[in-house]
Structures are given as C-alpha cells and as structure tokens.
Amino acid sequence: MSIIQQQIVVEHIQVIDGEMLQTEEVARLCCVTTQWVHTRVEQEILHAVMRDGTYFFSSQMLIRAKQVANIEHQYDADPQLAALVADLVEEVRTLRAQVKPSD
Amino acid sequence: MKFPDYYATLGVEKTATAEELKKTFRRLARKYHPDISKEPDAAERMTALNEANNVLSDPEKRKAYDQVGHQAWAQGARSADDVRPPPGWNQGYERSAGGTGASGASGGSGFTQDHSEFFEEMFGRAAQQRSNYRSNQSGQGSQAFNGEDQHVDISLDLEQAYEGSERTLQLASYRINEQGQAIPETRTLSVKIPKGVAQGQMIRLSSQGSPGFGGGKAGDLFMHVNITQTVDLVVSGRDVTMPVFVSPWEAALGGEVEVKTPAGMLTVNIPAGSVAGRKLRLRGKGIPAHHSKGTAGDLYFKLSIAVPSAVTEQQKQAWQALAQAYPGFEPRAR
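Residue numbers (this note's numbering), protein chains in the order written: chain S, 1037 to 1139; chain B, 6 to 339.
Derived by calculation from the structure, the hints in this document are not laboratory data. A few of these clues could be false.
Claimed, not checked - Taking lysine-lysine pairs in the DSSO-like style, the calculated list, with each CA pair at most 30 Å apart, reads:
1. Lys-200/B x Lys-307/B
2. Lys-1102/S x Lys-43/B
3. Lys-68/B x Lys-1102/S
4. Lys-307/B x Lys-284/B
5. Lys-28/B x Lys-1102/S
With the rest of the complex left out, here is chain S (with noise of 0.2 Å):
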C-alpha cells in the first residue's frame, strides 16, 4: 500500500513568549490534573505569573513541568525529588552543551 505525501507550507505559527499558557493547557500537555499543577506550583517546583486570578506558564516551565511529571509517574517519586532530579537532568544538559567542541 502507497503512502499518502503531503506537502504543507505552515502559514500561522505561535511563538509561546514569555508565560502564555494557562492550567489547564499544561494540565493536557504533561497528562496530569490542574490540581497537580497548583499543587507543584504552591510547592515552588513550577513558577507562574498569576494574572487576573490566573497561572499563566512559559514553555520552559512546561517542558520542566513534563519532566517533573514524567519522573513522579514512572518511580512514584515525592514531588520535591522528582523537582531536583529535573534540576540535575537539566543542569546535565546544559554543561554537556557548552563542553561540547565547536564545530
């Protein structure tokens, strides 16, 4: 059976600046619950601007926000060590990245 092609020119795109996410959005994206994400922010494991009432995220607490929730599933981790060890995952990343010969 032939695979179907499709070319695609993307017109509309979002940079996601700043904290432009909200709850519930983060909530579908690291499948967990709105109340996991109040929780790890009155926890001080995510930050969040609150505007009107409302969290609002940046993409780079969303993706520390997977992390956080990807460990806590996968070894039923406490909140708070499944915090550091994103802590340490990403401190990894960055000092490989600048140990890293330049091309």
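Let chain S serve as the given structure and place chain B on it in line with the hints.
Chain B only, in chain S's frame:
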C-alpha cells in the same frame, strides 16, 4: 520495524508481578536514561522500555496484550474485532529533517515523542472509530476524538536565532478513511521560524498534530527550540556570552575594539586595567525580541588576553622592558 515482545524488552517472565515489573523498569530506566547513560542506543532502549512499561504496568492493557499477543498488539489489535492497519503503515517513518538557515547549517530535528506509544494510541482510537463506524451503520451514533498533540525538538544555531530561518519537518502520520482504516501518510511541513526565538522556547503549529477522529479537532504540533551552544558560545534565554580576545596593552590601557558578534560588528569599550575573565555587557545585543513589545537579551563578553609571541629580537626586548617596568609584579602570589 521490529516489535520485540514487551516482556522480553523488560527482561521479565510473563508471570511477573506488578511489583517485579515496576522494580525492573525503574532499574532499566536508570540504566538507559538518555541524559545519563553511556550506552550508544540508550534513547532507543528507553523508548522501548517506556512502551513496554506503559502496557504491562496497566492491568487492563496487560490483560488485553496477553490475550491478543504481541504481534497483533503491535499491529493495533486490542481485541479480536479491532482494526488492523494496512500493511506498510510504519514504513517511511523518519525523524524530521533539518532545513535551511542563514548560515546554511542544517541543524537537527528529532521526533522526541515516544512514537511507538503514539501509534499504539492511534490504532486504539482507530479501533474505536471503526466501532463507531459500525454503530453509525446501525444508527447508534458516533463519538468524536480530538487528535493528540505532538512534540518535536529543533536545533538552531545562534545566527538562525538572531535572523530567523526556515525548517522542513517530515512527520509520519495517518488518515482515517471512510472504512475506518488508518492510511499511512507523510506530511512535509515547511515552517518559517521567526527571528528572536530563545533557548527553550516552544513554537506551536496549530492543528498540525495527530488528526482527530469522527469530527474531532486535530492536535497541535509543538516545536521545542534548542540553540546550539559550544564551549565559547553560551546561551541562556536570550542572553548570549561569547569570548573576546584583547591584547595585553588593550587590557592594561583600555580602548575600543571591534568585535564580530552574532549581532554584527560591534565596538566594545575595554576598560583600562581589565583582567582575563572579566565580563562586559552590551545591553540589547543578545537574541532579539520576538515581537516589538518584547525585550532583546544582552550580549556578554568574557575577556581573554591574547599574548603575542616574542620572536624577533625587538619583540624580546620589548617584553624584557615590560618586565623591568614591573619589578614587584608577582602573578603567582595570589
């Protein structure tokens, strides 16, 4: 594409308890974590482990998996009535390709989502759609499912972050036909990345994720931006740190120097008495803002002192004169 048995993937017997599965998965996940593991195939192993664990750690999925067998499960079967994807559905699946940019660097892109799990979910939904189709035929109504969001990593070099670039992404996908069959499809997306995208930012391509079923909306495609760094070029958000080399006399006496930067040729004022390692900041010369109301990052210069060699007699005498001019200078007395 090979489909190893999930029990074999985890190295457990089919009679393994949930606790045994959990312990084994955690041990292997630590061993093959892509950020830690030294194994060459760590990423692929981790994907396979996650897929196996997602099925075997869920009692209902595990039961269905044991009933239909691995081969049928891999082809999308969740029960005897489930839809089978057409042959070759998984062929032609590729990681997304690099694109062209100002510097001509291709950069890498990766489909970081666990795509096996993605296809499993896809055919699970296709089975539901087929069931709905049959229900429709008998007038029992249908149900809409929204498509999954998808994530992909893209790498940009600094020049592309400053100036923008174009990317071509090739994504394996599927389309559900009227008979409820999943037809493989390759979508090639041409995307213009605007200037001013910072390290770690996400770009959302609306409705470019997995298609929905039964009238459901397509998911979105999220591109996660990674700006290539080196030992010399460090990016943090929109701030950029780069080295600048100055002569000993420039460091000692100060003055203006011309430096080639990602923001173009810039004049940098070196304060007199500068030492190696000193950081200078040029505000607003980091990665530009993405939109007019945003704020550009800053450009930091880390000073290094380039010491010229003393080759000719005149040069040697110049250095000796310098040494004599600093009789009390003890660089190692710190």
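Cross-check of the supplied hints:
About 25 Å separates the Cα atoms of Lys-200/B and Lys-307/B, which keeps this hinted pair within 30 Å; it holds. About 24 Å separates the Cα atoms of Lys-1102/S and Lys-43/B, which keeps this hinted pair within 30 Å; it holds. At roughly 28 Å between alpha-carbon atoms, Lys-68/B and Lys-1102/S fall within 30 Å of each other, so this suggested pair holds. At most 30 Å may separate the alpha-carbon atoms for a hinted pair to count; Lys-307/B and Lys-284/B meet this at roughly 5 Å.
At roughly 22 Å between alpha-carbon atoms, Lys-28/B and Lys-1102/S fall within 30 Å of each other, so this suggested pair holds.
The structure agrees with every numbered hint stated previously.
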